[in-house]
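**Q** Sequence:
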Amino acid sequence: HEDGHSHVLATVIPNLISYDPAWAYEIAIIVREGLRRMIAEEQDVFYYITIQNENYEQPPMPEGVEEGVIKGLYLYRAAAAKKKKHVQLFGSACILNQALEAQAILADKFDVSANVWSATSYQQLRHDALTVERWNRLHPDQTPRTTYIERALEGHDGPIVAASDYMKLVPDQIARWVPNRYITLGTDGFGMSDTREALREHFEVDARFIVAAALHGLAQEGAITAKAAAKGIADLGIDADKLRPTTV
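Residue numbers (the numbering used here): 8 to 255.
Simulated from the structure, these hints should not be mistaken for laboratory data.
A virtual CB, placed ideally from N, CA and C, is assigned to each residue, including glycine.
Treat the hints with care, since some could be wrong.
To be verified - With a straight-line Cα cutoff of 27 angstroms, these simulated DSS-like cross-link-like pairs (lysine-lysine) come out:
{"no.": "1", "residue 1": "K78", "residue 2": "K234"}
{"no.": "2", "residue 1": "K249", "residue 2": "K234"}
{"no.": "3", "residue 1": "K238", "residue 2": "K91"}
{"no.": "4", "residue 1": "K238", "residue 2": "K175"}
{"no.": "5", "residue 1": "K249", "residue 2": "K175"}
{"no.": "6", "residue 1": "K249", "residue 2": "K89"}
{"no.": "7", "residue 1": "K238", "residue 2": "K92"}
{"no.": "8", "residue 1": "K116", "residue 2": "K89"}
{"no.": "9", "residue 1": "K90", "residue 2": "K234"}
{"no.": "10", "residue 1": "K78", "residue 2": "K238"}
{"no.": "11", "residue 1": "K234", "residue 2": "K89"}
{"no.": "12", "residue 1": "K78", "residue 2": "K91"}
{"no.": "13", "residue 1": "K78", "residue 2": "K89"}
{"no.": "14", "residue 1": "K116", "residue 2": "K92"}
{"no.": "15", "residue 1": "K92", "residue 2": "K175"}
{"no.": "16", "residue 1": "K249", "residue 2": "K91"}
{"no.": "17", "residue 1": "K90", "residue 2": "K249"}
{"no.": "18", "residue 1": "K116", "residue 2": "K234"}
{"no.": "19", "residue 1": "K78", "residue 2": "K175"}
{"no.": "20", "residue 1": "K116", "residue 2": "K238"}
{"no.": "21", "residue 1": "K90", "residue 2": "K116"}
{"no.": "22", "residue 1": "K91", "residue 2": "K116"}
To be verified - Quick list of simulated restraints, FRET-style, between CB atoms:
{"no.": "23", "residue 1": "T150", "residue 2": "V255", "range": "34 to 40 angstroms"}
{"no.": "24", "residue 1": "T232", "residue 2": "L16", "range": "29 to 35 angstroms"}
{"no.": "25", "residue 1": "A85", "residue 2": "N62", "range": "22 to 28 angstroms"}
{"no.": "26", "residue 1": "I56", "residue 2": "G198", "range": "17 to 23 angstroms"}
{"no.": "27", "residue 1": "A85", "residue 2": "K238", "range": "24 to 30 angstroms"}
{"no.": "28", "residue 1": "T150", "residue 2": "N60", "range": "24 to 30 angstroms"}
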């Protein structure tokens with residue numbers, strides 16, 4: 008079953024803080040921060056954290072990621088070497104593993120380098136951006152502040168593909184503050200029962216579709232030709248005329 012909308016609903020409650028973490032250390036950081044805010048500081052907030060039931064290897068915590076985990080986005084794995092064709096991949100929860108697989112496919116088969124980012128909370132990224140936007144609007148005579156998204160992505164060029172187990176509306180909510188070309192993938196459609204692999208292919212959020220989106224983004228920016236992108240998609244074994252996931 009695919010619950011694709013709960014993080015959409017979470018955005019309408021002002022004091023609800025929602026996260027979609029990928030790693031155990033992210034959960035630990037978020038829970039610790041929640042305890043600090045709710046118990047130590049007695050703030051009137053509560054948390055919604057989606058924790059998956061898929062078993063996969065847990066990495067050690069990299070140094071210096073705490074702020075990014077709390078704010079909603081951090082660079083998890085940079086490309087081994089930046090190439091002429093370069094993209095950014097955002098992944099949340101289990102789909103972060105699909106982004107990592109896509110990173111390897113892009114490098115091995117298409118000579119494209121990719122940075123992989125863990126997007127723990129689009130809601131918190133949006134909250135920060137709205138806060139900055141409001142301050143700038145009400146203080147037009149002062150030096151404008153910048154959003155966390157802009158600061159995090161500074162110096163990281165190339166199209167961005169953002170994929171998660173939730174509806175496209177979830178990553179879409181930060182689109183107007185993202186400086187790069189921004190492509191979102193998500194589980195729009197009716198909930199279904201099947202294997203994880205089949206569901207991810209159906210909703211077009213697996214590694215192959217992340218690669219396909221990256222190739223299309225590169226073609227839109229003129230980094231590769233449209234024919235090269237189409238050939239790459241075909242070489243991935245993707246049926247370009249498959250049924251749209253939202254079709255009844």
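**Q** Quick one: which hint numbers does this structure break? Sort them smallest to largest.
**A** 1, 6, 10, 12, 16, 17, 23, 24 and 28
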